[in-house]
Amino acid sequence: MTIDVPTSRSHRSLPQLQPISFIGADGQPTGVPTDGLTIPSDRTLLGLYQKMVQVRRFEAQVTHLTRQGRLATYPSAAGQEAIEVGATTALAPGDWLFPTYRDSASLLTRGVPVTEILSAFRGDWHCGFDPNEYHTSPAATPLATQTLHATGYAMAAKLKGEDACTLTFLGDGASSEGDTHEAFNFASVWQTPTVFVLANNQYAISTPLREQSNATMLADRAAGYGMPGIRVDGNDIAAVFAAVTAALERARNGEGPTLIECLTYRMESHTNSDDPTKYRDAEEVEHWKQFDPIDRLEKHLRTARILDDATAADITASAEELATSVRDAMNTDAEVDPSELFAYVYANPRANLATQQEKLEAELATAAQP
Amino acid sequence: MTIDVPTSRSHRSLPQLQPISFIGADGQPTGVPTDGLTIPSDRTLLGLYQKMVQVRRFEAQVTHLTRQGRLATYPSAAGQEAIEVGATTALAPGDWLFPTYRDSASLLTRGVPVTEILSAFRGDWHCGFDPNEYHTSPAATPLATQTLHATGYAMAAKLKGEDACTLTFLGDGASSEGDTHEAFNFASVWQTPTVFVLANNQYAISTPLREQSNATMLADRAAGYGMPGIRVDGNDIAAVFAAVTAALERARNGEGPTLIECLTYRMESHTNSDDPTKYRDAEEVEHWKQFDPIDRLEKHLRTARILDDATAADITASAEELATSVRDAMNTDAEVDPSELFAYVYANPRANLATQQEKLEAELATAAQP
Amino acid sequence: MTVTTATTAEDAPTPVSVTMTKALNQALRDSLSDDENVLVFGEDVGRLGGVFRVTEGLRKEFGPERVWDSPLAESGIVGTAIGMAMAGMRPVVEMQFDAYAYPAFEQIVSHVAKMRNRTKGKVSLPLTIRIPYAGDIGGVEHHSDSSEAYWCSTPGLTVVTPSNPADAYSLLRDSIASEDPVIFMEPKSRYWMKDELSLPVQTAPMDRAQVVRVGSDVTLLAYGPTVRTALAAAEEGAEHGLAIEVIDLRSLSPFDDETVSASVRKTTRAAIIHEAAQFGGYGAEVAARVTEANFTHLSAPILRITGFDVPYPSPKLEEYFLPTAERILDALESWDWEL
Amino acid sequence: MTVTTATTAEDAPTPVSVTMTKALNQALRDSLSDDENVLVFGEDVGRLGGVFRVTEGLRKEFGPERVWDSPLAESGIVGTAIGMAMAGMRPVVEMQFDAYAYPAFEQIVSHVAKMRNRTKGKVSLPLTIRIPYAGDIGGVEHHSDSSEAYWCSTPGLTVVTPSNPADAYSLLRDSIASEDPVIFMEPKSRYWMKDELSLPVQTAPMDRAQVVRVGSDVTLLAYGPTVRTALAAAEEGAEHGLAIEVIDLRSLSPFDDETVSASVRKTTRAAIIHEAAQFGGYGAEVAARVTEANFTHLSAPILRITGFDVPYPSPKLEEYFLPTAERILDALESWDWEL
Ligand SMILES: Cc1ncc(C[n+]2csc(CCOP(=O)(O)OP(=O)(O)O)c2C)c(N)n1
Ligand SMILES: Cc1ncc(C[n+]2csc(CCOP(=O)(O)OP(=O)(O)O)c2C)c(N)n1
Ligand SMILES: [Mg+2]
Ligand SMILES: [Mg+2]
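Protein chains in written order, with the numbering used here: chain A, 30 to 399; chain B, 30 to 399; chain C, 34 to 372; chain D, 34 to 372.
Only chain A is shown next, with the shape it has when bound in the complex:
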């Protein structure tokens, strides 16, 4: 006679080893089993392609401006465009996005204006946009903390009977933080409509994945929470988009959260102040170039005759337009108002802040005198 503990009927299996991928690095179908996912239509892929080209141009431009000193710092997602664009595009407008410092490209995809995206990195103000307008949380810098916000937001939506799902990005490094565990667990216990998109770019600053985790894959974590986990080629936007779309559909149907591990590689340094030669070889970076997310989609679209030279030229032109607008935006220095230091700390006004503000204003007035 053995003990009988009720066994939950939750999701329990380890993801397939081979990352799901529709379009190979050579632009050809990979033939990898797809775990029920279907490749997006060529129309959809063309749209995603266009956005990726824009995003890449954006990243390049901002990185350049940062080197010139127009921005204090900038963490580029160059090389990870398929994740930024693929995951974000799958969202409905009413869904909420919970990005990190690395995800400016997702903000761009979400429609946040350039100056508002770059506010933090230019040093104007922490969050430059109105989260409620774009249904997008301020980009989180304290790692993994946003995974819990995404879970909580989704829980509220669920309780209110609203349709909104949440999607949050996190990195391979952030996956080691306690908050990530707590978010996975809360989301699965509460069956919140949340999608966790783990951009596994092989490094947390200088720390390689093998010193971050001993798991065969990070998506293996999901089973321990009774949550579906899946691993996709994060440089194949068809796979990313399909996986996120399917996860959002499940979420909307009340079937709870999903963990999607997207394998990718950070092509740039961590931020402009990083020196990647200290911890990785030029060959490794070279090696990853062949898996470029844009190249392969371009090959696919050209083979499928969805993309021709004229369209490609239009797309490049519109990306150049964006780059110009970024340059222009960063050329005019934003005015900052020292009084704003005190304006938003509390909803209920405080005497000590008022006094300090007066002092500062008096000081500035004196300094302004001839």
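For the record, the hints were derived by calculation from the structure and aren't laboratory data.
All C-beta atoms, glycine included, are put in the ideal place defined by N, C-alpha and C.
It is possible that part of the hints are untrue.
[Said to hold, decoys possible] To give an idea of the interface, some chain C residues facing chain A are shown, with a C-beta separation under 10 Å as derived from the structure:
| no. | residue |
| --- | --- |
| 1 | S103 |
| 2 | P159 |
| 3 | E291 |
[As the list claims (entries may be wrong)] A few chain A positions that, by computed beta-carbon distances, are all more than 10 Å from chain C:
| no. | residue |
| --- | --- |
| 4 | H40 |
| 5 | G60 |
| 6 | T67 |
| 7 | T144 |
| 8 | E211 |
| 9 | D337 |
Following the hints, put chains B, C and D with the ligands in place on chain A, whose structure we already have.
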């Protein structure tokens, strides 16, 4: 062409669904597959039986004294004796144990004197014993924090080339804390000789397991760290002892950590100030009585003719002796010395503490005057 | 000191004896009734009604979609509460004991405190974090911390603490209604304190201190668990001809400079009483700011009568650690009263 | 202000220009060489040498078994360091930025600070937690916190902070050698500050403050990043005939009452300067205790010249937030100098 990410050859599989159990609740062999574990010898089982009887008597006696007000509070492990005794006995003397508030029985098994175990609950001093003497950390109250200490200690042992392993207990509730995740991850990445014994007693105070986790089983977590996980019937000490022994052997061989989930049930209230009728039925408690760890081992040992009435009487007598010594120990009130408030805070003496101590001593001297 | 809401003579409710626990419970019940966005969750706050029974009966009354037991993880509790508040809810979460808020420290300090500021006021977080604090109940280690200094030194947080049932009700309702996130600190040793009271009750505004005993010789500043101690000292002082004024701070952040300065300018002497250790404790801020604002009016330095600079002790040593009425009176004697 | 270890004239090393980063690096190197129990680990401290390059070259020199990159989890880093210290090691861990020590808050406050006390001295935790703190380097949000108040109000912790390369070396070596756990706070904006120096160097004992400029009119108390600011103010003050004494506190906990009181009794006026917000900041403790100990000697209240009571601002607003030499001199003017 698909991306090629090196795949770690770490442990990757979900544990068998049926908890490993040698001796069924009826004292008969269960026939459950044992995943390579072997049942301990009857000699060993007799020793374990004796310790469990002692431990149960201890828990009953202390609970009784607590109800009488001799102790401030007491979290009993009644019903969980197989885990306390089975896991602790498997340790070598040089190994280190990292217990929690629930694990007084493991301290007893480790040889810590009764008054030193109960110091904290009687309100004398936080930790009543010398951790270095018993190779046992102070019992941790902040949940899950000790899992990291166990991992760190094991890492130091590994770095020093010492043979010591570490074992830590944690509960189903504690498994939700971020620290648990971090400990599993650090231990597996560093391949430390650590055994995590998760006593899943179905409740965290009032919170039932299904609101704590949506996983099929908590042992499923292990795969996500590339660590072996196993689930055993935590009320079958043969299974617990075998699993911990095997895990310690692997650990000593440099094969890294193991997670062992032990299914069990907390027969008493959380502590004496808890009221379990608010969250669980009497029937549920009744139901679990049939899986009692001591009853079944007694049946087995009697069937195997390892235990006869005379030995059983000896064992009961020695448990009674222990109970008497507990009563005696708790009847004499420990002296406390107010100056000790200041004695151990810092190794380097501090002027502010000296001043405060002087003040307190002056105050006490005045109060003592007729 | 407490005022019931205005009612006509006929339907004025008869005051009954109410514990602080009951008052808090009623405040949660009334907030849950009045605003469907209010949610209550945390460890054991559902079926059990919390380890101190503050949430007793609420799950039954409002259902598990409004009041529920969360998994055991404080960062998770606060972190998800942040998300819920972003979605327009007003979560009220419980940290089971003071030291068990520490796992949530990053979420509280880096997000709860800063969200409104970083979004230029676009996102408020109207959430309430209930923290039972302080000692004097014979708790084992890690169960008697007084963590107010951590929260008070964090810009963006509002920190309040009641010392009696009426304030417990009123301050908790105001905290839940506030657009700013509030750290609501509940003095464990006063949970079972009773007052004659009829609920609902609205006491002073949540950012004001209250003079709870008038005196002309000394001002004692106290909050939460030490208000009773200060009142006892005042009582005893009176027997020796010392007229002690006692102020219950109620709001630790913001600090009510106006009320306190008025009193100190009258008495010219003040002491702050708290359980937490002295070094870097909240009393340091009180002493520093009250001195700065009233330096020329002071006849003596502001004293801090507090716990010692050591970790909170085990139960048998508590009595030596905690500030008592005697210790307060002894300390007052240390002043040079001729000045 | 700095003293090189005694050597004979011949083999006295020639002082060279050393940054604080380099001095810290050398202190780690020398500690690793001298004691095989010293371990260095944390996020990116290995191959990269830390984001501020403080651990540069150490992995190469001592191997990945002494110096290595850990998984990214601060509670994990401190929690495992505790276990290692229990096993007799002397871990030195890095929190990458000040706000990223918060996930480790529970491990630091509930264990690091208390282990020795709870075991009656049987288990010491000789571990050093390095925390780069404060702002003035144009960091984005969460990269410029000054968290010293949290640690200083926690009994059981020792908190030190250097303001110059020589102290950086000496204090770090002393911290690693200490049986008590030390929070070692490194002022980010001073990392690249250079001094002529020959290492090794032993400056004042780690629990002592240092008078770094002598004056008779006012005492400025500063630490870490604000020492330079205070010295600049003193320089400027001298031009206006104000003789300002500057004390570098160095040790925040314990506080060197002796050195500070001696100075304050001489000058009768003091101000404490820090970057952190004022309310509940470390300056409150300084003002409170110095006032209490020297009340009758003071001609004016102790001023706190600090950051405002708001979250640390984004880079473009930093200059308005940070205490400057001008703001210090302005504040001193607010005193009634006739008193
Ligand atoms: C809690 C916390 N600890 C440390 C840091 C400092 N930090 C910023 S980014 C980073 C690496 C993150 O790596 P990963 O999660 O893989 O994301 P990636 O940068 O590769 O996109 C670190 C350590 C932080 N932001 N938050
Ligand atoms: C960090 C932390 N949070 C909350 C608590 C309060 N607490 C003490 S025991 C307990 C339940 C623990 O449940 P579990 O881990 O299953 O262990 P069990 O008591 O069942 O043995 C809680 C919530 C604590 N001690 N530490
Ligand atoms: Mg990464
Ligand atoms: Mg349990």
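Tested hints:
1. Here the hint on S103/C is kept, as its CB sits about 7 Å from the closest CB of chain A, short of 10 Å.
2. The interface hint given for P159/C holds, since its Cβ lies 8 Å from the closest Cβ of chain A, which is under the 10 Å cut-off.
3. The criterion of a C-beta within 10 Å of any C-beta in chain A is met by E291/C, whose closest approach is roughly 8 Å, and the hint holds.
4. The claim that H40/A lies off the interface holds: its Cβ sits roughly 17 Å from the closest Cβ of chain C, which is beyond the 10 Å cut-off.
5. Remark: the non-interface label on G60/A is consistent with the geometry, its nearest Cβ contact in chain C lying 40 Å away (cut-off 10 Å).
6. Every CB of chain C lies more than 10 Å from the CB of T67/A, the least distance being 31 Å, so the non-interface label holds.
7. Listed as a non-interface residue, T144/A keeps its Cβ farther than 10 Å from every Cβ of chain C; the least gap is roughly 14 Å.
8. Consistency note on E211/A: stated as away from chain C, yet its beta-carbon is not over 10 Å from all of that chain's, at 3 Å minimum.
9. Listed as outside the interface, D337/A is consistent with that label: its C-beta sits roughly 43 Å from the nearest C-beta of chain C, beyond the 10 Å cut-off.
The structure fails to meet hint 8 from the earlier list, while all remaining hints are met.
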